[in-house]
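Student: Residue numbers (the working numbering), protein chains in the order written: chain A, 127 to 347; chain B, 6 to 119.
Worth flagging that the hints you see were computed from the coordinates, not collected in a lab. Heads up, a few of these hints could be off.
Pairs of lysine-lysine residues, derived as DSSO-like cross-links and limited to a Cα-Cα distance of at most 27 angstroms, are as follows [stated by the list, open to error]:
1. Lys209(A) x Lys79(B)
2. Lys154(A) x Lys52(B)
3. Lys52(B) x Lys209(A)
4. Lys52(B) x Lys79(B)
5. Lys269(A) x Lys79(B)
6. Lys154(A) x Lys269(A)
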Amino acid sequence: MSDHDSSHDHDHDHDHDHPHAPITADEKPGYYDVMETAVRELLVERKLFGPDEIRRQIEVLDSRTPALGAKVVARAWTDPDFKSRLLANGRSGCEEMGITFYDDTQLIVLENTPDVHNLIVCTLCSCYPRPVLGLPPDWYKLKPYRARAVYEPRAVLEEFGTHIPDDVEIRVSDSTAVIRYLVLPMRPEGTEALSEQQLADLVTRDAMIGVIPVSYLKEAA
Amino acid sequence: MEATPQLIDSVVPALGELPVFSVGDAVNILTRSPIGHYRMPTYLRGKSGTIEKVIGTKAVDNEEEGYGRNAGSKGHYYRVAIPMTQIWPDYIGSPNDGLRIEIFENWLERASHV
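One chain only, chain B, in its complex shape (with noise of 0.2 angstroms):
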């Protein structure tokens, strides 16, 4: 859970080994509608959002571990903050009203703008 140290500059982490999102980044929701159990609800899907936390911890897919596919799927999860008002235009309440969703990294794509 514990945010990702500084490095020491003479280490080379890992391809994937480190976020790719940092807090404060704009991020879209991928689209893909794959058969299965999948844990990114479609309400969401194609929102965009601002990454608020990344979960440090590098935790299994939980999508491939599913079909029993566990090997090589770890990556890290984010806590993603959506307005209400982007997910639903006929939201009732407060403009400042926000959804949060933890969204595994293969979901999220750079968005240069929200």
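Chain A with its partners taken away, still in its complex shape (with noise of 0.2 angstroms):
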């Protein structure tokens, strides 16, 4: 790859216009790269499974996104049935609504409340709802937030802009097995209105991680 990289001489037509420097693949692999290959290869040559069953797996990864968690809680702000259905088995509530769980992890929906303000962590490694959200952020994965999330939780908020006052209860869920979590966070005041598809819209991934609740700012009319 790489001597193709570095003979590549742009001499052909680019299909956008904006400058960017070549796109290479300098880098030597390091010892985690060079082992996934070495694993990768030998379970192929095994015949344990196929390079199309990988593909196939990145694209059920890809098909992932916080988009599918964000319409899960705007059903459940709109229907009480199905609320109290997710919160009773996050699963089959999500299963329910067409999303698979084809890494059969169990989901437990942590409900934010005027009272209770749920955060989800994996302190020993990257555990997250990813039939749900699709892939978690670099900084869910690094060092500093696993460690300071059990910790220093309330802390940790504050640096994502979120000021959680003394009289309500932080919860951190510490993901470890089978069971991964997503928070269901509060419905922003002054969203009566909105259409279940417009709900859906103002939920990011962060606020169902729990690092930021969902705001609603009406746009001036």
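Make the complex out of the two chains shown on their own, each in a separate frame, by following the hints.
Tutor: Spelled out as structure tokens, the structure:
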């Protein structure tokens, strides 16, 4: 690859006209890159799975984005029966909406209320509700967040611009095994007239991790 | 995920079939330090908590599964509530703040009081 890139002379037509540095891959692969390639090649060589299964799984992962979680949240805000089923069993609630759990994890949906604020973390690695949110953000996987979320959650939240009053209980859920979490944020005030899709558009990934609330700023009329 | 249903009187469950702990039980987290990849974070070993929820469906012990030993390793997970001030003596925040974590039953023992 790098041979090709270094001889890449940019004499062909570009489909886009913004300038950028040549896209190269001249950095040496790290220890874990080499390990991943070696293990993958061995598994394919032993016919335990094929390249197409790897490609297919990447397609599965790419199909999961925070927009799915946002749809679940908006449905819970507008349909009280759905909300109670979702809180009783997060996985079957999501499955009801057509979201599959390809990784065979269970899901607990944690409801934020005026008295309780939930925050999710995985101190051991990077467990995350991937079936409904897709891949976790980098900060979620890095040690500072993982260590501090369980030790000084209020300071971490302040860094996200979220102030939780002292009379509100903070509950940090640490994912360790087969259970994943999704935070059901509070529905912001002034959204009574919005449709379910408009509500879903307000819900962001970070709100479903629990580091920020969902906010609604009415556009100037 | 559902809670275990009430049994009919004449039904005798197998050993280990029903959850050992119930909601509200006080538990201690063991302080074992096995070698390998263990799902019980060290910052919580030796702490005490309360069972908040029994994860109804039995699941494979992930720690055994990590070494390819799945057979017969199924058991219950419990969602355990632990006050932050119990984990961190210098915790800054509300005394009501807490941690929640799912723990496999072989890491828990019954506590007489929290």
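Student: Out of the numbered hints, which ones does the structure contradict?
Tutor: 1, 2, 3 and 5
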